[in-house]
Every structure is written in C-alpha cells, then in structure tokens.
Amino acid sequence: MYKATVIIKTRKDILDPQGKAAEQGAKLLGFSNVSGTRIGKHVEFFVNTNNLEEAKKEVKEYSEKLLSNPIMEDFEFNLEEVDET
Amino acid sequence: MKPKFGIVEFPGSNCDHDAYYAVKKILGYDAEFLWHKDTDIKNSDVIILPGGFSYGDYLRTGAIAKFAPIMEEVVSFANSGGIVIGICNGFQVLLESGLLPGVMIKNESLKFVCKDVYLKVVNKNSTFTSKIEKDIIKIPIAHGEGNYFADDDTLKSLKENNQIVFEYVNKNGEVDEASNPNGSKLNIAGIINAKGNVIGMMPHPERACDSILGNIDGQQIFNSIVSNLKLLEIY
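Protein sequences, first through last, are from chains W and H.
Take the first sequence: its letter number 17 is residue 17 in the numbering used here, and every next letter is one higher.
Take the second sequence: its letter number 2 is residue 2 in the numbering used here, and every next letter is one higher.
Treat the hints loosely; a few may be bogus.
Stated by the list, open to error - Cut-off 20 Å, straight-line C-alpha distance, at most; resulting in silico cross-link-like pairs (SDA-like, lysine to any residue):
(1) H:Lys124 x H:Tyr58
(2) W:Lys60 x W:Glu81
(3) W:Lys20 x H:Glu108
(4) H:Lys111 x W:Lys57
(5) W:Lys65 x H:Pro69
(6) W:Lys60 x W:Met1
(7) H:Lys185 x H:Val175
(8) W:Lys41 x H:Lys185
(9) W:Lys41 x H:Lys124
As the list claims (entries may be wrong) - Cβ pair distances, simulated, as ranges:
(10) H:Ile216 x W:Phe46: 48 to 56 Å
(11) H:Leu231 x W:Leu15: 39 to 47 Å
(12) W:Thr5 x H:Glu160: 39 to 47 Å
(13) H:Ile216 x W:Glu54: 55 to 63 Å
Don't read these hints as lab results, they were simulated from the structure.
Quick reminder that beta carbons are idealized off the backbone N, C-alpha and C, glycines included.
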C-alpha cells in the first residue's frame, strides 16, 4: 500500500488573491523579507496496491481529472510505501 | 405546448427555485426540476444550471458537480445543439465540464460581492440576447468566485468569434476597471460557446424578472431563448 501526497499549485501566470492577501498580512506583521506568497492545496490519501506503477498511474489520473484544473493549476505528487492505514 | 425549461438541482443549489419561479410563474413557460442523480432531462427544451454552491463547491467551484449523473445528459444535450444556460455556479459547472473555455478564480477583492451591476450586451445576435432591446442592462450578481480567467489565445478567440456576450460596464456603458466587480479578464460577465447554444453568465437574470422587485431586465434573456426555439420551429 502507498500513501500519496499531492501538492496543487496555482500556475505562476495566474493571480492568486489568497496569496496576495496573506502577504499583505505578512507585511502588517512586520515580516519584511517575505515575498511571492502563493497558496495551494495539499491532499493526502492511500492507494490500495503494492504495484508502484499502478499507484502512480492512478494518482496521476485522479490529480488530472479531479484534484486539479489544468487550466489554472499544476500538481506534483509523492508516493510513500506504508504497511497499513 | 409551452417550451419547457429543465432546472438542474445539485446538492447546494440555491437559485433553482428562483429560476423556476421566473420562467414558470412570471414568464409563463413550462418548467421542471431535474435531480442531480437523474439520468433523464425529461424532454426539456432548455436546461438551466442554476446558482448556488453545488456539492459545497469543495475542491473548486463546480468540480464535483461535473461528475453528477445528470451532467452526462446535459453534456450530450449541449453537444447535440441543445440550449443550456449556466448562471453563476452553473457557469462555473460549465467551465469545469469543458462546455465553455476558461476557469473561475476567487474575486480579486477576496470578498463575496452581492449587488446590481450594469452589463453591456456585446453580442445582440445570440440565442440568449436577440430580444434584448437595450444596450445596457442591469442584473444582480452574488458571488465570491466570479473572476473569469483564460489564457491570451482563448481570450483572443472569444473576442474574434463574438463569444463574449456580456461585459461589466459603468452606467454609461464604458468598460472600466471600477465597474469590474471581481477582476475578470476583459470585464467578462458572460460567454457563449463557439456553436452559440451554451451560455455561462455570473449575473442572475432570474433575480431580475419580477416587476415587484423593481427590475425586469432579466426577462428578455429567457424570452430570447424561447423566441429562438420558435425560430427553430420547435414551437
């Protein structure tokens, strides 16, 4: 069994109003070195197979078809072998 | 026989009854609700995807709704030339379903905006606008994620093919930044597909149909649709 972690990021050329608002907050708090805040999503789930290739394929399709919207988001994922949920 | 509007109800839809009231009680057409788990559009002549928060809008607006059983029927209805109007959340569902190009992101202000806006009817020859006499109409919006985004090529082709139907403008019909309530590219408030049978719009025409509310600018959108059904000799 694998544990999947998917990170979904808003594409660089797309405005991220949440990131912008958070960064305004950062400035107010005095974090003067902070810049380029972008807010994305972190998704975790288990994949019930011991076949790594099969797991990769399923995670990729799940991420493409549902978890992200390719017009505005990119994703990357990581698979970690685990014993049980 | 009256033209029939099928109004899709997703869990979280909240403008379904407004749409039903507008087309049936105010305008006198036939209307029926279509449950999201249904796989039959019940001989509807027009499909309305109403506003609301389908499936809680979890993940992204409209992202889960596109997999609802009824959507398979809606997509095949649209692909065979059937008339579909997506309002607010319905527009977001059409984008996620790929029936219209682009995506909706959070309003630039991060605020939920609920107010009347002025719209320029950019394309007056469409199925959805041919009966609109005015150049500028007033329709309410109510959304937190109505910031329309598409890449430059898509925007260019929308413009060239006259697919931009409504733009946010000021009272005098001028496109300016101050009249853009959400940060949408090119002040886009509504677009149609290349074939012209599917429209997505963030403003709510169904909320501007009853004269008791002081604004009936939304009526002509539904009347345009029906008049075009008549041209198609369905009625």
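Quick rundown of the hints versus the structure:
no. : hint                           : in the structure
1   : H:Lys124 x H:Tyr58             : violated (35 Å)
2   : W:Lys60 x W:Glu81              : holds (17 Å)
3   : W:Lys20 x H:Glu108             : holds (9 Å)
4   : H:Lys111 x W:Lys57             : violated (38 Å)
5   : W:Lys65 x H:Pro69              : holds (16 Å)
6   : W:Lys60 x W:Met1               : holds (16 Å)
7   : H:Lys185 x H:Val175            : holds (11 Å)
8   : W:Lys41 x H:Lys185             : violated (24 Å)
9   : W:Lys41 x H:Lys124             : violated (41 Å)
10  : H:Ile216 x W:Phe46: 48 to 56 Å : holds (54 Å)
11  : H:Leu231 x W:Leu15: 39 to 47 Å : holds (41 Å)
12  : W:Thr5 x H:Glu160: 39 to 47 Å  : holds (42 Å)
13  : H:Ile216 x W:Glu54: 55 to 63 Å : holds (58 Å)
Checked against the numbered hints listed earlier, the structure breaks hints 1, 4, 8, 9; every other hint is satisfied.
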